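Q: Chains as they are written, first to last, in this note's numbering: chain E, 1 to 219; chain U, 1 to 219; chain S, 1 to 219; chain Y, 1 to 219.
Honestly, the hints are just simulated from the structure, not real lab data. All values reported here derive from a predicted model rather than from experimental measurement. Don't take every hint at face value.
Note: identical chains are not told apart, hence a pair may lie in one copy or across any two.
Capping the alpha-carbon separation at 20 angstroms, the derived lysine to any residue pairs in SDA-like fashion look like this [said to hold, decoys possible]:
1. 147 - 167
2. 166 - 47
3. 147 - 77
4. 147 - 170
5. 166 - 55
6. 166 - 24
7. 166 - 45
8. 166 - 1
9. 166 - 34
10. 147 - 69
11. 147 - 195
12. 166 - 2
13. 147 - 212
14. 166 - 210
15. 147 - 84
16. 166 - 88
17. 166 - 4
18. 147 - 122
There are 4 protein chains.
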Amino acid sequence: MIQRMRRTVSDLHAELVRYDLVAWTAGNVSGRIPGEDLFVIKPSGVSYDELGPENMVLCDLDGNLVEGDHSPSSDTAAHAYVYRNMPEVGGVVHTHSTYASAWAARGEAVPCVLTAMADEFGGEIPVGPFALIGDDSIGQGIVETLKGHRSPAVLMRNHGVFTIGKDPRAAVKAAVMCEDVARTVHVARQLGEPLTIAQDDIDRLYDRYQNVYGQRSPR
Amino acid sequence: MIQRMRRTVSDLHAELVRYDLVAWTAGNVSGRIPGEDLFVIKPSGVSYDELGPENMVLCDLDGNLVEGDHSPSSDTAAHAYVYRNMPEVGGVVHTHSTYASAWAARGEAVPCVLTAMADEFGGEIPVGPFALIGDDSIGQGIVETLKGHRSPAVLMRNHGVFTIGKDPRAAVKAAVMCEDVARTVHVARQLGEPLTIAQDDIDRLYDRYQNVYGQRSPR
Amino acid sequence: MIQRMRRTVSDLHAELVRYDLVAWTAGNVSGRIPGEDLFVIKPSGVSYDELGPENMVLCDLDGNLVEGDHSPSSDTAAHAYVYRNMPEVGGVVHTHSTYASAWAARGEAVPCVLTAMADEFGGEIPVGPFALIGDDSIGQGIVETLKGHRSPAVLMRNHGVFTIGKDPRAAVKAAVMCEDVARTVHVARQLGEPLTIAQDDIDRLYDRYQNVYGQRSPR
Amino acid sequence: MIQRMRRTVSDLHAELVRYDLVAWTAGNVSGRIPGEDLFVIKPSGVSYDELGPENMVLCDLDGNLVEGDHSPSSDTAAHAYVYRNMPEVGGVVHTHSTYASAWAARGEAVPCVLTAMADEFGGEIPVGPFALIGDDSIGQGIVETLKGHRSPAVLMRNHGVFTIGKDPRAAVKAAVMCEDVARTVHVARQLGEPLTIAQDDIDRLYDRYQNVYGQRSPR
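Please put together the full structure from these sequences, using the hints given.
A: Right under this line is the structure:
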């Protein structure tokens, strides 16, 4: 189980690279071991080319290293806080992807003006507080913003994006879609105001996508 | 014939990826089986890496699954409506490509200010209505907008792009060119107003391109 | 000699793809056979993946097909006109690259506000007239604009870019650098006015780059 | 030692290509030989595909060629001046990356509105003077701007970026991160003013990143 999650988490970092969500080592994926108080996360400062199942790091839910030759990602405390406080979450992703981080730098939520946003995020992508690394501030900001919110993504002010999912693949999908819609809405707004989508229609789209889409509920 | 179309449609999805028109699984190609009331389409929620002729789905013109182990794309009803109502169409493509979707979010047609647009689209790229997934609304919006229009592409409001062609390759070409000109005209307008092209010149360019260009009329 | 030029011209199309200057089949390279009234050019409507020395087309300076199984590029008349009227030119490139075409859509020259532009273009990148395909209008517009101008690139109004060079590789380099500086100056102007470079400094940079740079004058 | 540095510097150019920081041959990396008054640098006008340890050039700290079959990069004098005047520097990188060069064209520093900028640059990315190639002007501008500054990157006016590091890899990382944050802050400012980060918080982030992050201080 742990070995499989090491492989999954390692492989998923390649999606961050493929979708251009990360520069150098600035982004990370983690995955909870189902039924255990443990999660697997990227090692700190290691480049994406050098990642493999063997150098992934296993941590407990306080972010302490349990198994691994490397230090865990410097964002481990934030991931751990999410796992401790949101038991339904099985995967967490963090990136500084360009367009999402630009909205975050202005402290502005991405408005829901695309049907794909209604599908995936069920409304706007919200902004979380400014928080420094080093204690539970970032984790708290994520959880406070996402608890009870439809969106699996939060734009942390002046920082970047955190996304959650039932497993690490779902969290990576949310990170990919977050940047995609953040970019499209940015581009739309450069030349005028996007048209709004009625709340009723957003609700219908969200409901349908979460319950009908895909082969067997991909998120 | 069906096997060959499965291969063609499967392969053409790689062009959507190559030209950066799709994120995750959000885009699809279909192709009509010539002389049959059938078409081949992408399975729902399957990633582009995992596509192959064998997991393509065969549907009838009401969008019902005829052959295949997977559910068809959630956009199948829209493709089916187009095939039922536009017998000259042999291929349909749907994407949420960034720049085209940004024009769609503002509900604004892309004006014809490039000779390449005159060639391919014969004028502006028009906007279709806002329509919810789940019934024939999207298909109707596509057909109402494109029937009798030169453009093989429609920007569906707050949603994305649908393109048509005599075969799936032509529809994919239209999707690639639609994003290309949507981007160039967007960039042009960021710093001022593009110069217009006289209607006469647009007509001449369109006529020439449709009748003279290529080895043997590629569209 | 002809065989070698077929290989060179075929290979150089890969640079257009690598630098994202072309979508689908919309761009072409040609190269003059030294000492002959002949040039090699891309076949019309053939995708970049399928190009090879064997399907390149050999034309005379009136643009007539001399050797080849395919029709020559629909831009052949423009290339031929340049070769007829600018004997020092050994290579011509045409693209619809995004940022250069955006300046062309506004009919605006790219101002010389980067040292790299002074090096390569010796000043602004000029705009040529609006011209229809089908006769010598495009070729005339290119030659009238570039004769006696330092810039090896011209932005043809509402159309795209043509570049020239002593050989096809130099023309491709000019096309790559043209898009690169068109993009950087566009981005600079999005948030204010770029600072100007004094004409004296532009002259000094241009002179040095044309006479000193590289292993053995690469352009 | 020299052979190893040839390999390192040659390989690092691939990172400039991977992160889209360079077009054609316009960017270069150099690395000081530890304990010697020598450095290895890219040859002039050679394409990135053709680089290998064997064609890297060895120079002394006055920029004179010591070993190599090719002329050194035309930016060698600037690299040499940095090594002569900043003994703590072990690597230098120069690019014309798009967004950083756009800020440079306006002569505007990139403001520190992202936590990733506080981490890597400890504040804004400063602007250096306009300087012509051909003597020590560029080198002087780099050193005057970066001496005593936290930022390892300087935007040379109307030109491009120079970055420094304790070794060539650190300088390449700075070049990658410089473009990344220059782009994100540009995008943020396109639609309004980014929120500021308090100087205290910038100081805390910078201190932590320089002293705690990574497996063993990657910069």
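Q: Each hint: holds or not?
A: Against the structure, the hints come out as follows:
1. 147 - 167: within (17 angstroms within a copy, 44 angstroms between copies)
2. 166 - 47: Only across copies: residue 166 and residue 47 sit 18 angstroms apart there, 26 angstroms inside one copy, limit 20 angstroms.
3. 147 - 77: within (18 angstroms within a copy, 35 angstroms between copies)
4. 147 - 170: Classified as within: same-chain Cα gap 17 angstroms, cross-chain 39 angstroms, threshold 20 angstroms.
5. 166 - 55: neither (24 angstroms within a copy, 26 angstroms between copies)
6. 166 - 24: Between copies, since 17 angstroms is at most 20 angstroms while 27 angstroms is not.
7. 166 - 45: between (26 angstroms within a copy, 16 angstroms between copies)
8. 166 - 1: Classified as within: same-chain Cα gap 16 angstroms, cross-chain 41 angstroms, threshold 20 angstroms.
9. 166 - 34: within (10 angstroms within a copy, 43 angstroms between copies)
10. 147 - 69: neither (34 angstroms within a copy, 37 angstroms between copies)
11. 147 - 195: Result: close neither inside a copy nor across copies, 28 angstroms intra and 25 angstroms inter.
12. 166 - 2: Only inside one copy: residue 166 and residue 2 sit 17 angstroms apart there, 38 angstroms across copies, limit 20 angstroms.
13. 147 - 212: Intra 23 angstroms, inter 31 angstroms, cutoff 20 angstroms: neither.
14. 166 - 210: Within one copy only: 13 angstroms inside a chain, 35 angstroms across chains, cut-off 20 angstroms.
15. 147 - 84: within (13 angstroms within a copy, 45 angstroms between copies)
16. 166 - 88: within (6 angstroms within a copy, 44 angstroms between copies)
17. 166 - 4: within (16 angstroms within a copy, 38 angstroms between copies)
18. 147 - 122: within (14 angstroms within a copy, 33 angstroms between copies)
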